[in-house]
Amino acid sequence: MTKFTRRDFIKAVSAASALPLIGASAQAAEPLKVGFIFLGPVGDYGWTWAHNKGRLELEAALGGAVKTTYVENVKEDASAVPILRDLARQGNKLIFATSFGYMDQVLEVAKEFPDVKFEHCTGFKRAANVSTYNSRFHEGRAVTGTIAGKVSKSGVIGYLGSFKIPEVVMGVNAFTLAAQAVNPKIQTKLVMIDSWFDPAKETAATETLANLGADVIATHTDSPAPLQYAQKKGVFGFGQGADMSKFAPKAHLTAIEDIWGPHYIARAKAAIDGSWKSEDSWDGIKEGAVKVSAYNASLPQDVQDAANKIIEGYKAGSYDVFTGPIYDQAGTLKVKAGEKLGLGDLATIDWYVKGIQSA
Amino acid sequence: MTLTFIIDVLVTIIGITTPILLAASGELVVEKSGVINLGVEGMMLVGTIAGFAVTFETGNPWLGILVAMLAGAGAATIFAVLVLSLGANQVATGLALTIFGIGLSSLIGSNYVGIAIDPVESPFPPALANESFWRIIFGHSPFVYFAIILVLAIGWFINKTRAGLVLRAVGENDLSAHSIGYPVIAIRYAAVAFGGAIAGIAGADFSMVISPLWAEQMTAGRGWIALALVVFAGWRAGRLLAGAYFFGVLMALELYAKASGHAIFPSQFWAAMPYLIAVIVLALISSRDGKDGKAPACLGKPFIPNG
Amino acid sequence: MRLWLEKRLEPSRTMLVLTPVLSVIAIMMLGIIIFDGLGYDGPQAVWELFFTPVLDVYKWRDVASKAAPLIIIALGLSLGNQAKIWNIGAEGQYILGAIGAAGVGFVTQSMTGFWIIPLMILVGMMCGAFYAAIPAVLRTRYGVSEVLSSLMFVYVSLQLLSYLITGPWKDPDGHNFPQTAQLTTAQLLPRELGDSGIPPGLLVALIAAALFYIIVSRTVFGFSVRAIGEAPHAARYGGFSSNGIVWATLMISGAMAGLAGVLELMQLTRLNLGYPSGYGFTAIIVSLLGRSHPIGVFIAGIVLAVTYVGGQVAQTVVHVPNATAGLFQALLLFAILASDLLVRYRIRISLASSNKGARG
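Protein chains in written order, with this note's numbering: chain A, 1 to 359; chain B, 360 to 666; chain C, 667 to 1026.
The set of hints was computed from the structure by calculation and includes no laboratory data. Just so you know, these numbers come straight off a predicted model, no measurement behind them. Every residue, glycine too, gets a C-beta built ideally from N, C-alpha and C. Where hints are given, some of them may not hold.
What the hints assert, rightly or not - DSBU-like cross-link-like pairs, simulated, lysine-lysine; straight-line CA separation at most 30 angstroms:
| # | chain 1 | residue 1 | chain 2 | residue 2 |
| --- | --- | --- | --- | --- |
| 1 | A | Lys291 | A | Lys125 |
| 2 | C | Lys673 | A | Lys75 |
| 3 | B | Lys660 | C | Lys836 |
| 4 | A | Lys334 | A | Lys75 |
| 5 | C | Lys836 | A | Lys354 |
| 6 | A | Lys232 | A | Lys75 |
| 7 | A | Lys340 | A | Lys354 |
| 8 | A | Lys232 | A | Lys153 |
| 9 | A | Lys286 | A | Lys33 |
| 10 | C | Lys673 | B | Lys660 |
| 11 | A | Lys33 | A | Lys291 |
| 12 | C | Lys836 | A | Lys125 |
| 13 | A | Lys33 | A | Lys125 |
| 14 | A | Lys33 | A | Lys111 |
| 15 | A | Lys269 | A | Lys250 |
| 16 | A | Lys334 | C | Lys673 |
| 17 | A | Lys164 | C | Lys836 |
| 18 | C | Lys836 | A | Lys111 |
| 19 | A | Lys164 | A | Lys53 |
| 20 | A | Lys153 | A | Lys33 |
| 21 | A | Lys336 | A | Lys150 |
| 22 | C | Lys836 | A | Lys340 |
What the hints assert, rightly or not - Here are some of the chain C residues that sit facing chain B, going by a computed Cβ distance under 7 angstroms:
| # | residue |
| --- | --- |
| 23 | Met818 |
| 24 | Tyr879 |
| 25 | Val882 |
| 26 | Gln995 |
| 27 | Phe1000 |
Just chain A, same shape as in the assembly:
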């Protein structure tokens, strides 16, 4: 049992002294060490689960050329800094920080380790060795919105949000616009619960929305609890971040899945062959980053066709849910007919489209 103590001590010392050596000997034989920090637990069946799935796809695709490590439940405060530093000192040359709240911490550690490449998910600040990456989730919401518009009999959709941040705003906007394209009378009741994860509150909020007439529920929170309630009550819902049909086999119409594998594989390859550059990437349905999961068998064919049409439209580049005319809640024309909302505007959006009732 004493062996590990020496080995560990040696590890600590060599980690400190080997830093300059690692940079010099980046031979192809040496596998690329890739690190991940996750906000939640990998089994959360939501945001983190999807990132971890991407990590596993990376391992499967590149085999012995990469070696991955991850740390879960990393809080979005100063404690992320030592963890990022540890990953860098342990030899990880490509590190993915999978949540917005790691922004400052990533930038700070990136300054200390200029030869380590960092990628910050959903962020907007970059550096020479810091990239940002995101997915065009709203494309998936256009699909689910279309389905909701066709399926809803009451014309009222319940939408659970977490915080009023651009990602959530653009999501509910895309969803509502797509639903209105199918049924112009659709109204979306939006409730922000000020948390990403609180199953009891999510359930109560879903209950409230259902009581107020919503017969389709969409969420931008992490737990499957709303779907469980939907199943109980006999209304419909969508999985968020992962296929959640096993939580609600009848209520779960489809889900938007976050597919991070292709991005991780592409960036790892770039890091290995030296072509990695700091950039801001937003992949969508076309690139395979956003996937719509299998439809519920009970979904009528015409609804499935309508949804597939949206998917095909995105793949071909011929469809964009944010094509004008788009009005905001006050009735002001924000996007002229035929024009599109660019990603830049979407990244900072703070207004809701007409038809969304928010508090």
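Use these hints to put chains B and C onto chain A, whose structure you have.
Positioned in the frame of chain A, the structure of chains B and C alone reads:
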């Protein structure tokens, strides 16, 4: 404003209130005996994971509830040993218990993420339980009925039975109770264990009824609201029942206000309300000189017999 | 054979120092068993948790960063502990301190000057003290237990924080995320003092510990605090106002918590929803572990910081879930609370046959 809508709203309120009512009822008994156990959140979480895991593994929810009770009581007993037999500081031990419960439940729960179980259904036949009007009486989970019966039983026990009188005596003046011959420490052990068992059931309500899954810290601070509630109720069972539902109404009100677009106040105001009200009530009941509604005189003080 | 506990005439000083040490060792042993039982490499996990942060020089900086706020807050709490006044709401005062400093930051964001940082610290400490004054007035005027009232106000402070960073103080360049703008260089203390890697917070903690030591052991005020705690009636007879002590200890601990809040804000460089880290609660444990004595608190703060940092290391190296650090802190505290008994009582064994009348 149809009848169906009113019933739906009531159902929501009842669902939100039940776990808090349960946890607070247990803590009421504990504090009546003169002990303050701040570890409610930890004990609830232990019950949450115990109930979920056992129900998942055995398929038997009643076994799950039983184990949740035992788990909560077990956690509380750790506290009791430290505080009652070893004389440790109640506040520190209670906080440590919270941290312990959070950590232990997260550790055990890491094996149970991403799993769903069937929620525990109403004990009444489906015809009654799902009937559009009668569901307001018959459509709830066993936890709801148990909570209401429990708090009424606790009130009756404390005020109308001899054993309840002894409990109060131990909490108000432990030295006198001791000199009369009552086993103060044993009574406090029983009270603390009881509080833990009920907290365990309260925790199980989250993972077995409200949202039948496991997620770390899924009680999301309801244990602290339960502590506030005991104070808010002036340590009286009847007021506890009313107070719990009042809190439930406030929380439901926040959601309805948001969902109907009339939030008026920022949502943080709604979220802070229960705590602010608890403090105001604390101030009001404490400044009255009557014995009514004051904290048990020995609350938080260790029992040190002279003889 | 009989075993019984005999109260010591005086708390044992050896035990006072020995019990925490024994507890740490006992918990380490327990840890190896628990981790092995759960399928992890037990000895390595415990090594990473307890020893790596102490032996790995790179980790000292992290330990220092974590220990500083814990020590600062705990010093303030210890004063109250000695007077049996329990400030459970230090977390709320910590948050208010950061809010106060962030407010100054908001107002002065386009200004420079040496006065900015001291102003932030002053305002932060005042906000913390003011926030602690609320439970003080509730206790002195209304007889409300400060344990309960200060706890309730923690939740209120969380909501206040949320309101400010999603509303009036939201970063205009933050893409509408709930956070304040970053503090400017004029508003930030350096990350470390020179090249030493020592965070300024640790220096503050050291100075504060020395100050508190002097106050507690050498001033009349310090004496009065202890007196009120140990013999309230005698103390009042001697002229010490218990209400005055309530105000003083609560506001001092509030100010210290606020100070820690300001220093941590400068480490994080902005306020966001992840800011409340629970230091205010952990500091309660630190103050009790350190037996409410400034030197003990300083050491206890380091010990707890070691378990935090160790928990992170154990995560990255052994892949132990991060719930573990909290679990170990709780077990450590249980052990020390339990072993407290040995400080006040001596275990006596008598091999003679039991005789109810005879006493040792």
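Against the structure, the hints:
no.	hint	verdict
1	A:Lys291 / A:Lys125	27 angstroms, holds
2	C:Lys673 / A:Lys75	46 angstroms, violated
3	B:Lys660 / C:Lys836	45 angstroms, violated
4	A:Lys334 / A:Lys75	37 angstroms, violated
5	C:Lys836 / A:Lys354	25 angstroms, holds
6	A:Lys232 / A:Lys75	33 angstroms, violated
7	A:Lys340 / A:Lys354	17 angstroms, holds
8	A:Lys232 / A:Lys153	18 angstroms, holds
9	A:Lys286 / A:Lys33	29 angstroms, holds
10	C:Lys673 / B:Lys660	18 angstroms, holds
11	A:Lys33 / A:Lys291	28 angstroms, holds
12	C:Lys836 / A:Lys125	17 angstroms, holds
13	A:Lys33 / A:Lys125	24 angstroms, holds
14	A:Lys33 / A:Lys111	19 angstroms, holds
15	A:Lys269 / A:Lys250	41 angstroms, violated
16	A:Lys334 / C:Lys673	79 angstroms, violated
17	A:Lys164 / C:Lys836	12 angstroms, holds
18	C:Lys836 / A:Lys111	26 angstroms, holds
19	A:Lys164 / A:Lys53	27 angstroms, holds
20	A:Lys153 / A:Lys33	52 angstroms, violated
21	A:Lys336 / A:Lys150	26 angstroms, holds
22	C:Lys836 / A:Lys340	28 angstroms, holds
23	Met818	4 angstroms, holds
24	Tyr879	22 angstroms, violated
25	Val882	19 angstroms, violated
26	Gln995	6 angstroms, holds
27	Phe1000	6 angstroms, holds
Hint compliance for this structure: hints 2, 3, 4, 6, 15, 16, 20, 24 and 25 are broken, all remaining hints hold.
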